[in-house]
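Protein chains: 2
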Amino acid sequence: MKIKNENDLIEYLINNIQTKSKDITRTIGDDCAVLKISSKKSLVFTTDTSLEGPHFTKEYSPVDIGYKCLASNLSDIAAMGCRPRYFLMAITIPNLNSDWIKNFYKGIRELSKKHKLVLIGGDTNRGPLSISIQVIGENKKNILYRSGAKINDDIYVTGNIGLARASLIFSQKKMLVESKKFLKNLRHPIPRIDIGQAISEFASSCIDISDGLAKDLNIILQQSKQGALIEFEQIPSAPVIINKLDDKDLYEAVLGGGEDYELCFTANRRFRKKINYISDKFKTKITKIGMICGKKLIYTRKGRIIRPKIKGFDHFSN
Amino acid sequence: MKIKNENDLIEYLINNIQTKSKDITRTIGDDCAVLKISSKKSLVFTTDTSLEGPHFTKEYSPVDIGYKCLASNLSDIAAMGCRPRYFLMAITIPNLNSDWIKNFYKGIRELSKKHKLVLIGGDTNRGPLSISIQVIGENKKNILYRSGAKINDDIYVTGNIGLARASLIFSQKKMLVESKKFLKNLRHPIPRIDIGQAISEFASSCIDISDGLAKDLNIILQQSKQGALIEFEQIPSAPVIINKLDDKDLYEAVLGGGEDYELCFTANRRFRKKINYISDKFKTKITKIGMICGKKLIYTRKGRIIRPKIKGFDHFSN
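So the sequences go chain by chain: A and B.
For the first sequence, my numbering assigns the number 1 to the initial residue and increments by one for each residue that follows.
For the second sequence, my numbering assigns the number 1 to the initial residue and increments by one for each residue that follows.
Simulated from the structure, these hints should not be mistaken for lab results.
Given the structure is predicted, the values throughout are model-derived calculations rather than measurements.
Be careful, since some hints might not be right.
Repeated chains share a single entry, so a pair holds when one copy, or any two copies, can fit it.
As the list claims (entries may be wrong) - As a list, the in silico EDC-like pairs of lysine to aspartate or glutamate whose alpha-carbon atoms are at most 16 Å apart:
#	residue 1	residue 2
1	LYS41	ASP23
2	LYS36	GLU138
3	LYS106	GLU138
4	LYS302	GLU59
5	LYS141	ASP280
6	LYS302	ASP247
7	LYS116	ASP23
8	LYS281	ASP23
9	LYS281	ASP247
10	LYS40	ASP8
11	LYS102	GLU11
12	LYS174	ASP249
13	LYS2	ASP99
14	LYS106	ASP246
15	LYS4	ASP99
16	LYS102	ASP8
17	LYS102	GLU6
18	LYS141	ASP194
19	LYS295	GLU138
20	LYS281	ASP194
21	LYS273	GLU231
Pulled out of the complex, with its shape left as it was, chain A reads as follows:
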């Protein structure tokens, strides 16, 4: 077997390394691993590495880098409907610049304080900048998986979609005013921890859309063995994105997206009122964008079926 991309690697690992055990209810290939520690309580584990290039650029301040590294990990915990509790950090830095380090940890602290996280371990090395964080969370009630979507469930997203990617697209087009407008979405995403826990009582599936709405929704559909109908106009974005980008770039921003760190989840329609209440409580938009039905993922726009072409993202095929 030739390993050509991340999916091949995951397949290779599943076939060649022990990845299953009876107390591990979710293992490699999911957002988080799940370890059952009692009849009601589980711990969830996730790890993510952030590097200059794919995850941040030289334009990011050390505060932004610290913040975003932790945010991307917390988003995986949010997608499981869990509460993050502890974290470990293995950081590799070119040199010990006190100012840089203090600012980097200022970004970390903004999130760790907000969510009462405890730093319990780590490792520090000298080398090209690279930050690996591991977060340990615990379930509040149920744990949310990608595989539970049921026919006729509503499909929701939190927040506005495509803003982080639009900032990059506007920047490439030298539309710097527009790009700057969404820079905060790119560099300072808000992991939806509170909402993840609130919907964990009733949602049938959930994923964070850090790899883009189309790709991540497709994972829910594949794992749940369902199809979906999405009304493109219902996907909340920003007027300037909808008005100033041509269709190709608009689909790329909203559906290709990535780096949004919003949640996409499904729930039976009897929870609509509850979802409105959660949206009000956490002052965060939660929008119904379609429903689970059929066998495929179908998008409509202005009453017509559209077939947007979107580039995928794989660290090894770009």
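Knowing the structure of chain A, use the given hints to seat chain B on it.
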């Protein structure tokens, strides 16, 4: 406060980030963090990054790299007297070379199979080679800490000491036959998992000596607020190291050391028989090298006090 080395960084973190919580019985600054999950059971967590340069060189085969990355993490679990159960891997690699990857995981598998470890998660990115592993372990009986050494306790080490470092010293001296003799100790260290668990019933303190016997024993003494008397001749090494290195290099290899991944532990003398039994059972030398006494760390050799000068190791001051 200016952050000049790893200790400064740890101090900065303890003062500026939440690192304590009532269910966390050991936190940042120890080999592993300890999370109490019931009256008898705890989970321990450790993370280590391995990089080309400080941890392996271009001469290492991918099998060696995989093996050693996991071994160094497992050694931290061994030092706590715990059993490793699960691991996560965040790897950054320059490209997806199938052969390299398969050989790398062959090294990983050698250890994961032996210790029945389960790979439960990870992350893969493209960039300069860097491997961050997190291992989750659980206690068998007691958890071993660095802080429990008591006056009159015996001090022991497992295996032979200084072999990994001697391989490097011989290589620098172009004594290639001698260097090659200990290459296996450098590239293929054996984490003392079984012995760590066996001594967890009675040892008063334990540490792995991956940073060198002198430095790591000093940590036990500092944290236990004790001194020690070490008979240099009692420290088991190899004849060629003792015979062919001058005193400066000999002390550097045996006391400065590093990369040995043996355990140094303390125990009341009433456990001597038990320790012999454990040594026989696991076919591993366990040698008494001195005792806990006084306020300082004192070395003797041929009945005289020696004051070996050893270079320390800090990733940021070399």
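Here is what the structure says about each hint:
1. Proximity of LYS41 and ASP23 under a CA criterion of 16 Å is satisfied in both settings, with 12 Å inside one chain copy and 15 Å between copies.
2. In this assembly of identical chains, the alpha carbons of LYS36 and GLU138 lie at most 16 Å apart whether taken from the same copy (10 Å) or from different copies (14 Å).
3. Taking the shortest alpha-carbon separations for LYS106 and GLU138, neither the intra-copy value of 25 Å nor the inter-copy value of 33 Å comes in at or below 16 Å.
4. For a Cα distance limit of 16 Å, the shortest separation of LYS302 from GLU59 qualifies neither inside one copy, at 39 Å, nor across copies, at 61 Å.
5. In this assembly of identical chains, the alpha carbons of LYS141 and ASP280 never lie at most 16 Å apart, being 21 Å within a copy and 49 Å across copies at closest.
6. In the homo-oligomer, the alpha carbons of LYS302 and ASP247 lie at most 16 Å apart inside one protomer (13 Å), although the nearest pairing across protomers, at 84 Å, exceeds that limit.
7. Proximity of LYS116 and ASP23 under a CA criterion of 16 Å is satisfied inter-copy only: 14 Å between copies versus 27 Å inside one chain copy.
8. Taking the shortest alpha-carbon separations for LYS281 and ASP23, neither the intra-copy value of 35 Å nor the inter-copy value of 30 Å comes in at or below 16 Å.
9. Taking the shortest Cα distances, LYS281 and ASP247 never come within 16 Å of each other, neither inside one copy (35 Å) nor across copies (71 Å).
10. Proximity of LYS40 to ASP8 under the C-alpha cut-off of 16 Å is found in neither arrangement, the shortest distances being 34 Å within a copy and 41 Å between copies.
11. Only between protomers do LYS102 and GLU11 lie at most 16 Å apart by alpha-carbon distance; the minimum there is 12 Å, versus 40 Å within a single protomer.
12. Taking the shortest alpha-carbon separations for LYS174 and ASP249, only the intra-copy value of 14 Å comes in at or below 16 Å, while the best inter-copy value is 61 Å.
13. For the homomeric pair LYS2 and ASP99, the shortest alpha-carbon distance between copies (9 Å) is at most 16 Å, but the shortest distance inside one copy (45 Å) is not.
14. In this assembly of identical chains, the alpha carbons of LYS106 and ASP246 never lie at most 16 Å apart, being 39 Å within a copy and 49 Å across copies at closest.
15. In the homo-oligomer, the alpha carbons of LYS4 and ASP99 lie at most 16 Å apart only across protomers (11 Å), although the nearest pairing inside one protomer, at 40 Å, exceeds that limit.
16. In this assembly of identical chains, the alpha carbons of LYS102 and ASP8 lie at most 16 Å apart only when taken from different copies (12 Å versus 39 Å within one copy).
17. For the homomeric pair LYS102 and GLU6, the shortest alpha-carbon distance between copies (14 Å) is at most 16 Å, but the shortest distance inside one copy (34 Å) is not.
18. For a Cα distance limit of 16 Å, the shortest separation of LYS141 from ASP194 inside one copy, 13 Å, qualifies, whereas the shortest one across copies, 37 Å, does not.
19. Proximity of LYS295 and GLU138 under a CA criterion of 16 Å is satisfied in neither setting, with 34 Å inside one chain copy and 44 Å between copies.
20. For the homomeric pair LYS281 and ASP194, the shortest alpha-carbon distance inside one copy (10 Å) is at most 16 Å, but the shortest distance between copies (52 Å) is not.
21. In the homo-oligomer, the alpha carbons of LYS273 and GLU231 never lie at most 16 Å apart, since the shortest distance is 21 Å inside one protomer and 75 Å across protomers.
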